[in-house]
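S.K.: What follows is the residue order along each chain.
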Amino acid sequence: MLILHCPYCGVDADETELAAGGEAHLKRFGPGSSDDELHGYLFTRENPKGVHLERWRHASGCGKWFHAARCTATLEVFGTYKAQVSGPPQEIRDAISAKRPGWSWREFS
Amino acid sequence: MSTRLAKQGRLIDRSKQVTFTFNGTTMRGFEGDTLASALLANDQMMMGRSFKYHRPRGVVASGAEEPNALVGLGEGARFEPNQRATTTELFDGLKAASQNHWPNLDFDIGAVNTYLSRFLPAGFYYKMFIHPAPFWKHVYEPIIRRSAGLGKAPDRELVDADTYEHFHVHTDVLVIGGGVAGLQAAKVAASSGARVLLIEQTAHWGGRAPVDGGTIDGLSPDEWVSRTLAELEAMDNVTLRARTMGAGVYDHGYALGYERVADHTPGVPGPRHRLWRIRAKQIVSATGAIERPLSFAGNDVPGVMLAGAMRDYVVNWGVTPGQRVVVATNNDDAYRTAIILKQAGVDVLRILDARKEGGGALADEARGLGIRVDPGKAIAKVKGGKRVKKISICNQDGVGGAREEVEADAVAMSGGWSPVVHMWSHCGGKLIWDRANAHFRPDPDRPPLGADGKGFVVAAGSANGPLALDQVMADADAAGKAAAKAAGFAAKRTKAPEGAAMAENAMEAVWLMPANAEVQLRMKSWLDFQNDVKVSDVQLAAREGYESVEHTKRYTTLGMATDQGKLSNINGLAILADALNADIPQVGTTTFRPPYTPISMGAIGGEARGEVFQPVRKTPIYDWSNANGADWEPVGQWRRPFAYVRPGESVHDAVNREVKNTRENLGLLDASTLGKLIVKGPDAGKFLDMLYTNMMSTLKPGKCRYGLMCSENGFLIDDGVVARIDEDTFLCHTTTGGAERIHGHMEEWLQTEWWDWKVYVANVTEQYAQIAVVGPKARKVLEKLNAKAGGGMDLSAEALPFMEWRDGRIGEFDARAYRISFSGELSYEIAVPASQGLAFWEALVDAGKEFGVMPYGTETLHILRAEKGFIMIGDETDGTVIPQDLGLGWAISKKKDDYLGKRAQERSHMADRDRWKLVGLETVDGSVLPDGAYAVGEGVNANGQRNMIGRVTSTYYSANLGRGIAMGLIQHGPDRMGEIVEFPGTDGKTYKAKIVDPVFYDKEGAKQNV
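Protein chains in written order, with full-length UniProt numbering: chain W, 1 to 109; chain V, 1 to 1010.
These are calculated hints, taken from the structure and not from any lab test.
Check each hint, because a few of them may be wrong.
[To be verified] Pairwise CB distance ranges (calculated):
1) W:ASP12 - V:ALA361: 52 to 58 angstroms
2) V:GLY978 - W:GLU37: 29 to 35 angstroms
3) W:ASP12 - V:ASP397: 58 to 64 angstroms
4) W:ARG106 - V:ALA891: 49 to 55 angstroms
[To be verified] Computed, partial: chain W to chain V, Cβ under 7 angstroms:
5) VAL11
6) ALA20
7) GLY79
Bear in mind the structure is a predicted one, so any value in this text is a computation, not a measurement.
Cβ atoms here follow ideal geometry from the backbone N, Cα and C, with glycine treated the same way.
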């Protein structure tokens, strides 16, 4: 029963208000992409023990999608940020680095 | 014998007698008794039988850790199995029955298992029931099913007579456990101004301290508890709840409390249980410690009890479990039991202290009372069946030879104390091995972490390791202050209360008694009393290669009973570690999972039962339908009429009547449940081009187009008609069950992928009532309404052609009329504001009388669409079907570069020409194909099953055609028109059907386009 801060409405939302949306920052591959690219986009997911970037929706609240950076092992939340970005903003990366120096996740670190 | 003492019993009121029955026998107890103490007072030591061997079992503990004394409680709609007698408060009229025996507790057929126990070792089930294979279904499974399960399930015909509720609570500090540690932690935390919730699982405050003695700040524990309780009650920021167990601790400070509001007053109005759903900034775990049994032969014979529990029965309830008692121990604490028994006038024969050096000050006191203390001695074996009869005594450091026997009727045993670390461990708090006390305790450096990465649970008192009263009070004080500080408050700088108790000698780990017990003894030394796991079973598992404690647990069933190993876990893993030649911390513990003790399903459900279990969505026409014979069908959260059944008709008759009448005259369908999504904005057309497989941006205002939606995996997820309202606005119809899902799907893509596109989506499903007016006379009835009102929308074929829509007035109503058809008939779907829905429906029913109007339900809707070969999401699709499978290639735009699912539909398996494709199916004899039946082809697969080549997706009796019709997905189906395919049914019959075109009725589509 996590609590995540919704960056849109400002509510510290209980997990019962939220819907999990899987891995964050997937790059969409459509027509013209290779089989490998499509396979990676549709099926290959990170499953780290540690820092993870995820999508959540404040489904029973303001309805907005947002991102969360958290540790899957300790449940520590490094920060939440809006959905309209293709990677974690600098302040989120800094917040993770402060707690988990040397972290990396896909192409981000 | 066990009996009530003349004196003592701090929790009972001897002036208030209570009558209850056990297995039909009437017995008496006092107010304040537990069922266990009252049974003991009536010399009922044996309270049940074990699970596997049906061995006689007596009560062994006095609280939540009890593994044996489980009873069926109450009767009828209030019957509940597996209730612990030790935590059941006695009340007048209580009815209890023992479990796990047949025909009765004293004489039990299943007890023969105990003589077979040599042949029923650990892993027996896995080894035995493998061969021969056919035996599983016909012999093993029926026998196992009959003997499986603990207790008796309540009568399936009865509904629980009680009510339950949930509380949602936010607090700064939650203190779990109302012993002296919990009270002190709550008091100091509250002194900081923090909101404090203190919960205690029993009906009493103070925990064990009043039984164990000593002083706190110079007061007796009882006096200190009363004083502190009064202080807490006077504080506005403190909430106290007795009878409320801390059931579990979860992520980010979430905790569950389980309040047994009325278990002791059944039938009193109000909830029986209350589930507290708590959000706390900090949680103090002050849950105390549990005593460990000693592993000696016959330690499961009724009359063998934990020493602390025996002390509880004397002090709290004035009951002695025996008249001639032997005490076996590896620590000083058990001497307290001997002393208390002796002072109560009970014969204490011996104290067998496994330690060669024996005890300290408490031992001196015992000797002073004339009790014989034998250091270095052990119990070799307890003899007796349903009751302890003889104890044979040996040296602890031997194999169990050179025995001396004494006659006794009860044994008090103590293997040391283990902190209750459940609340610490549930959410990931780690443990360290404390060699001095031979127990696992919370590792303060590795607590469970909150969202901020800091610990949110603090252990206090004996739950944290310390057992002596002075250390307990200091530890609890520090814990309360730490919790307040971590919650953002500053606790007052007060001095910790001073606890004082007699000094104790160090305990000594004893995992087997005697230390090198021979195998005949180990085979009778129980670890898990409820599940019948013995020392020899764990040793066997180790010999067979089980090294992980988690695997051993599952192989032997150690700790898997309803008590979840509260008594057995540490002893079991010590035996395992010894057998593996490993250190105990290396072997580790199994995982502690909530709830601490089982909580009722009723409490979990709370108020969510009956009508409020799930809200039912009703259209504006619901009440009319209900009054006119609707046979209801759940569709998502909606209720839709399956058919409108007339008096004297069967549902089947009603469907056949509706089907024919709609084709011949006039039918009305309440289609209000269809999803209606407004998609609006300059980029709305571009957006819908991505969502639908076909082109929506080219649709002209005033026109409608049928569209398909796929997931990014290419699979068909929804369909419906899209109407373009104006240049920037579309109205998308979804399936009844799809409105919320598709709305979410649109929002997800708009917010997370195309967030720069200018589009809004609104779900207006419930703003409109939508009625399908269907049949050859559809136009007539609408024109009649217009004529009556003196004008209205032109509904002619020229003014409103097929697949177009218009806004205007129909009769007295503001309407939007869509010329769309899901039946193949002349059809208008008319949306009016929801508030006018019922009036519009009634006007249509009234005006339609001369045209033979009949409302129709979802089954007729299905049959009419199947006659026309129209697909239904959820019938023809199941999440693995793509539009191309369904012959819907015409609805997939070839001009678009991209749409969701387009790339995935190019994958090799999606483009495979061997995919099963949609066809119509006609049985050779006109009968109805079974739903979901598979078509079989030549040959068999690797499992020897016949190869499958397709399946039935929709099947109905068509009254219009006078025969069964069906649709199905068949390999190479469209290329095999006219072939006969076989469908074996689950009824043993094989059905034969011819592959035909899926359009059975009006192939030219002439009827809808008039």
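S.K.: Decide, hint by hint, whether the structure agrees.
M.R.: For each hint, the structure was consulted:
| no. | hint | in the structure |
| --- | --- | --- |
| 1 | W:ASP12 - V:ALA361: 52 to 58 angstroms | holds (54 angstroms) |
| 2 | V:GLY978 - W:GLU37: 29 to 35 angstroms | violated (44 angstroms) |
| 3 | W:ASP12 - V:ASP397: 58 to 64 angstroms | holds (60 angstroms) |
| 4 | W:ARG106 - V:ALA891: 49 to 55 angstroms | violated (37 angstroms) |
| 5 | VAL11 | violated (13 angstroms) |
| 6 | ALA20 | violated (13 angstroms) |
| 7 | GLY79 | violated (10 angstroms) |
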